[in-house]
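Chemist: Chains as they are written, first to last, in our numbering: chain A, 1 to 253; chain B, 1001 to 1253.
A few of these clues could be false.
Unchecked claim - Calculated cross-link-like contacts (lysine-lysine; reagent style DSS-like; alpha-carbon spacing at most 30 Å):
#1 A:Lys-180 with A:Lys-115
#2 A:Lys-238 with B:Lys-1114
#3 A:Lys-226 with A:Lys-180
#4 B:Lys-1226 with A:Lys-115
I should point out that these hints are in silico values taken from the structure, not numbers from a laboratory.
Computed from a predicted structure; not experimentally measured.
Listed below, chain by chain, are the residues.
Number of protein chains: 2
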Amino acid sequence: MEIVIIGTGNTATVLGKKFKAAGHRILQVFGRDAKAASQLAYELGTESNTYWSVVNRHDELYFLAVTDIAIEQIVHKLQLPDKTIVHTAASVSKNILQPASTHYGVFYPLQSLKKEADHIPAIPIIVDASDEQTLLQLEALAGSISGHVVEADDEERMKLHLAAVFCNNFVNHLYTLAEKYCIDEGLDFTLLIPLIQETALRIETISPSQLQTGPAVRNDEQTIEKHLQLLENHPHLKELYRVLTSSIHTASY
Amino acid sequence: MEIVIIGTGNTATVLGKKFKAAGHRILQVFGRDAKAASQLAYELGTESNTYWSVVNRHDELYFLAVTDIAIEQIVHKLQLPDKTIVHTAASVSKNILQPASTHYGVFYPLQSLKKEADHIPAIPIIVDASDEQTLLQLEALAGSISGHVVEADDEERMKLHLAAVFCNNFVNHLYTLAEKYCIDEGLDFTLLIPLIQETALRIETISPSQLQTGPAVRNDEQTIEKHLQLLENHPHLKELYRVLTSSIHTASY
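With the hints as constraints, model all of the structure from the sequences given.
Modeler: What follows is the structure, encoded as structure tokens:
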């Protein structure tokens, strides 16, 4: 497939590289930041441009990997009749692209992408499209770089993103709080990393609802009380400890 | 080293196997449940017993891997002058073992151990002891099965366990809530597993405080509002979403 990439951030970079590695041809990289655009273009073996325009080959796909707010701004500058245009945002309706083309859709990577990362993790792709032909095209593109491709509409995609906020953003925040607690108490946070990784790896084969352990789920009031005492000088952590312990008690394990 | 194992649960089983694999000799397995004790003894190439008694070889170590409550009950039945006795509990003082022997300590595995698991993860070991000689003995034993051995006293060990509650128990609970949400909404939770694993793997090289992403940390009020609307029928999740989003806002990322 021939692809025009709009954007130079993490999503544009990681997916651009995956497209190239899968044998697709990147025709051009558009980006407001000339340096970032030329750097990404260089990595993808193509050229760059700082203003939006139609490349106008045959049936190239316009891949809009920019922030939620930038999507709408860019769409109104693009007139792409007969071209396919997609965005990569979880929480933006596919219909935002309607002014630009009759063939449009969404190509949402359900993964945390970082352009600096050495390894590229597995990336489930959630696709949606304006019509059957575009859907098939996006499924083929997604299937060329991922083993997990599913179709989901605007609302389903947003719900998956919401679930991801719990599993990724909130979880990383708990890691951060635990790290800060360890630093404050003179303890080595890296001792917890094997446990953190085991917790995440284990759910690949067993439902997390079968894996809950710890003082809350076994109603070990004595340990909970000791922990709350240890958090006397950490009122924010103490409050979170109470809220999450109570949430575990409420859930039906 | 010659080791007598008391207990037949996850800790006794996983560490017993690691001791055997490291070349130590298991002299006997004690357990109230005769079947569990004989099964573990079989796996460890030794014999089992259902009542507590001193094996009385030369300098065998008594490895007490039982629940917090059982430790005290058992200690009063054991008189082991000149023998080393250790327990494996995070939240129980080492001094609980004083009535049984003059040489005692703690051998706490900072990992979630499951006897059914196919693979055994890395297991940091936190040791503590009544005296220098016992400490050296425990460090040698721990070093024979783990690359991460650190000394920590009762309070430090309890604090590490508290940090582990945040990183393991609370995190697994968030996974569980996300899974339930997906089931309720007809979505496939397994799509989130690559993201969950990437989130846990990445902190090996970068501090989680550098990795926070999502609507809360970027003050994306529009997405937060959409998410709260989507949680209208999930009041408990909605409340947790608010609490954790506010906690991210409070933290200094």
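Chemist: All hints, please: hold or fail.
Modeler: Quick rundown of the hints versus the structure:
Simply put, Lys-180 of chain A and Lys-115 of chain A have alpha-carbon atoms about 26 Å apart, close enough for the 30 Å limit, and the pair holds. For the given pair, Lys-238 of chain A sits about 29 Å from Lys-1114 of chain B by alpha-carbon distance, which is consistent with the 30 Å threshold. Using a Cα cut-off of 30 Å, the hinted pair Lys-226 of chain A and Lys-180 of chain A holds, with the two alpha carbons roughly 20 Å apart. Only pairs whose Cα atoms come within 30 Å are accepted, and Lys-1226 of chain B paired with Lys-115 of chain A is accepted, the gap being roughly 28 Å.
Every hint, counting from the list given before, is met by this structure.
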